[in-house]
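Turn these sequences into a full structure, and let the hints guide you.
2 protein chains.
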Amino acid sequence: MKGVIMIIDGMADRPIESLGGKTPLEAAKTPNMDRLASSGINGIMDPIRPGVRAGSDTSHLSILGYDPYSVYTGRGPFEAAGVGLDVRPGDIAFRCNFATADDDLVITDRRAGRIRSGTSQIAEAINSMTLDGFEDVEIIFRESTGHRAVLVLRGPGLGDNVSDADPKTEGKPPKKVKALDGSPESQKTADILNNLVRESYEILRDHPVNTERIRNGEAPANIILPRGAGAVPDVEKFEDRYGLKAACIAETGLIRGIGHITGMDVIDVEGATGGTDTDLESIKNAIKDALDDEYEFLLINIDGADEAGHDGDLEGKVEFIERVDSILGDLIRDDIYFILTADHSTPVSVMDHTGDPVPITINGPEVRVDDVSVFSERAAAAGGLCRIRGSHVMDILLDLMNRKEKFGA
Amino acid sequence: MKGVIMIIDGMADRPIESLGGKTPLEAAKTPNMDRLASSGINGIMDPIRPGVRAGSDTSHLSILGYDPYSVYTGRGPFEAAGVGLDVRPGDIAFRCNFATADDDLVITDRRAGRIRSGTSQIAEAINSMTLDGFEDVEIIFRESTGHRAVLVLRGPGLGDNVSDADPKTEGKPPKKVKALDGSPESQKTADILNNLVRESYEILRDHPVNTERIRNGEAPANIILPRGAGAVPDVEKFEDRYGLKAACIAETGLIRGIGHITGMDVIDVEGATGGTDTDLESIKNAIKDALDDEYEFLLINIDGADEAGHDGDLEGKVEFIERVDSILGDLIRDDIYFILTADHSTPVSVMDHTGDPVPITINGPEVRVDDVSVFSERAAAAGGLCRIRGSHVMDILLDLMNRKEKFGA
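Protein chains in written order, with full-length UniProt numbering: chain V, 1 to 409; chain U, 1 to 409.
Just so you know, not all the hints are guaranteed correct.
It does not matter which identical chain is used: a pair holds within one copy or between any two.
For lysine-lysine, the following DSSO-like pairs were computed, each having C-alpha atoms within a straight-line distance of at most 27 Å [claimed, not checked]:
no.	residue 1	residue 2
1	Lys22	Lys404
2	Lys406	Lys175
3	Lys168	Lys404
These are computed hints drawn from the structure, not numbers from a lab.
As structure tokens, this is what we get:
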């Protein structure tokens with residue numbers, strides 16, 4: 001028996017007047033999801049706790065059975081792992097922007113003209129730097145998509161309780177990074193970052209990629225703005241914890257990072273963009289291949305509905321949900337426990353995550369099929385699971401797979 | 001007002017194809033249970049947490065409001081209390097088998113030819129022994145049913161973190177007991193056990209009961225194999241905790257032991273076997289008598305459905321549930337809060353406990369009666385209790401009985 005948790009990121013929503021009071025999921029035509037609901041057991045799920053606005057990262061951790069309040073130190077470690085960096089417990093990781101600064105170090109473009117190419121050469125220039133006085137700390141830097149990058153500091157005596165360098169606005173210089181807890185460890189990290197931001201400008205100002213960009217009238221990527229510090233947590237590997245050989249099929253660095261840090265095989269999918277323009281056929285084929293492979297557990301994340309929610313794009317969200325539905329028909333099999341859910345609501349009205357619960361349906365040979373025949377936020381609430389939490393999902397799945405130890409006699 | 005919790009052990013199950021997708025409880029004709037559901041408030045209950053595979057012991061503890069994660073040290077203490085031994089906090093208790101060993105101490109029959117008589121004399125021979133070098137430790141030993149027995153060590157400086165002597169297979173000698181935590185306390189217990197196992201052979205080899213068995217061509221019960229060590233927990237008495245004079249009507253030593261350790265009066269029921277062949281009329285009469293008595297709370301456990309589940313006996317499980325139903329009619333009264341539930345699912349397909357939730361119905365004068373009209377795993381999920389945990393049951397019951405303190409003003 002295999003287990004699959006398929007998470008349609010941000011799919012859940014709130015009732016929308018222009019949809020006659022329906023949610024996008026209720027308005028979308030989703031015959032395959034409805035089929036899963038009909039042949040499964042349904043319920044609503046609070047990814048963390050009722051009313052808690054979960055991030056995708058904290059929600060996924062919770063659904064995988066990890067306590068986000070003890071494991072989650074910030075987004076940095078997961079983003080860093082997501083671009084393939086071999087992060088290690090104790091490393092301090094950051095998300096970064098490539099940005100444009102003028103000679104006074106005032107940020108004129110936080111995204112360096114939304115730079116799309118040449119970032120790997122620029123990143124390499126940062127990756128190989130050392131900072132005077134901090135020779136004991138290794139600086140690991142890699143480009144992510146577009147203007148995004150990750151930074152990892154590896155060395156003794158580093159803390160992660162530091163403020164962001166990113167001023168989050170243009171027309172200002174980078175913010176001075178501070179040790180928020182006053183500890184010498186965080187102060188060391190802050191000192192390194194303040195040096196690194198300044199040094200990055202020195203290194204990148206005349207970098208060939210930037211010279212070329214300036215010649216083309218494009219904003220140069222001549223400064224690095226780190227934010228979202230987090231110490232890489234010491235996470236028990238998924239396979240060690242559950243005894244299941246696991247793979248992760250996800251589009252975004254954040255969720256791929258969760259796959260990496262929990263020790264799953266993270267499968268690359270060509271054409272997966274993380275947006276509504278993603279290649280769902282390609283994702284479908286990757287899932288089918290993984291199901292045919294030796295894996296006993298798959299974590300799947302598809303991100304487009306969340307993007308549409310963040311963009312307030314109602315039509316796009318409905319359409320994307322329908323397109324996701326269309327690939328599900330080929331994925332339903334008898335020999336797997338298949339869980340379909342979302343990691344949080346991303347209402348188009350709010351354009352951000354909310355704490356509303358999400359629908360969940362569990363299909364498989366021995367579930368107590370209930371009377372729910374539609375997959376939606378409200379229909380699911382009448383189902384046989386009633387209301388559960390993200391932290392219950394793995395226990396329920398492992399129990400159905402008969403992979404749980406008995407507690408007692 | 002009296003409160004009753006009646007637990008039909010292992011009654012809940014999963015849908016079964018040969019029953020048209022029904023569970024045994026759904027397939028069984030249970031007019032009395034359905035009447036309770038109709039006139040009560042219903043829900044599903046996770047004895048411990050969703051997806052956790054509870055034992056009968058850990059589930060009962062949880063339902064009685066004790067945290068099994070802090071109270072439960074192993075099966076030994078409850079089995080020992082269940083045969084009527086006056087166990088005390090700090091005692092180290094074990095389940096044991098009477099087994100057969102040859103002259104090289106190789107186990108030739110782990111159950112001593114499923115010995116049924118004479119065990120009390122054999123047990124007495126062990127019970128009175130002392131071990132050289134461990135004169136400060138009292139050895140308390142009593143037979144249970146069949147080839148089963150219990151051992152209690154009482155004395156200073158004993159630990160319970162030791163391995164089993166029972167090799168769990170024939171053709172091998174008893175396993176050397178080891179201190180699993182390396183502590184001197186557990187080492188002392190291990191040393192005692194290793195001596196006791198060897199000594200038991202010396203004492204029992206020529207015991208008159210065994211001489212007689214050998215003469216009859218039966219395997220002698222000439223060695224003791226302890227397992228399942230646990231320190232007897234210091235459990236607050238049920239009456240001290242809740243102010244209710246309580247009795248326990250249960251068939252198995254394990255649940256009777258929970259009654260003893262929580263300080264309930266444990267009522268003997270003639271003809272109660274713990275199997276599907278049990279005398280349900282006799283159990284019914286014992287319940288009626290206890291209800292007419294001064295008790296304010298009754299814990300009732302009937303075990304046959306669990307046995308049928310473990311045996312994979314679908315027909316037997318359905319039939320037994322119907323027979324249990326037939327005694328319920330005489331037990332429904334207006335002046336009690338009556339809770340009917342199970343301690344866990346024991347699906348006939350799995351032949352062991354699973355973590356699926358169980359149905360629960362609460363009857364009594366002031367419950368918020370819901371629309372559920374059938375007592376079953378799935379019907380209950382639509383009830384007014386929604387999904388609760390075992391640890392909530394006593395609080396809900398006491399509140400309905402108006403026996404709870406107010407928290408706040």
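If you test the structure against every hint from before, which numbers come out violated? The structure breaks none of the hints.
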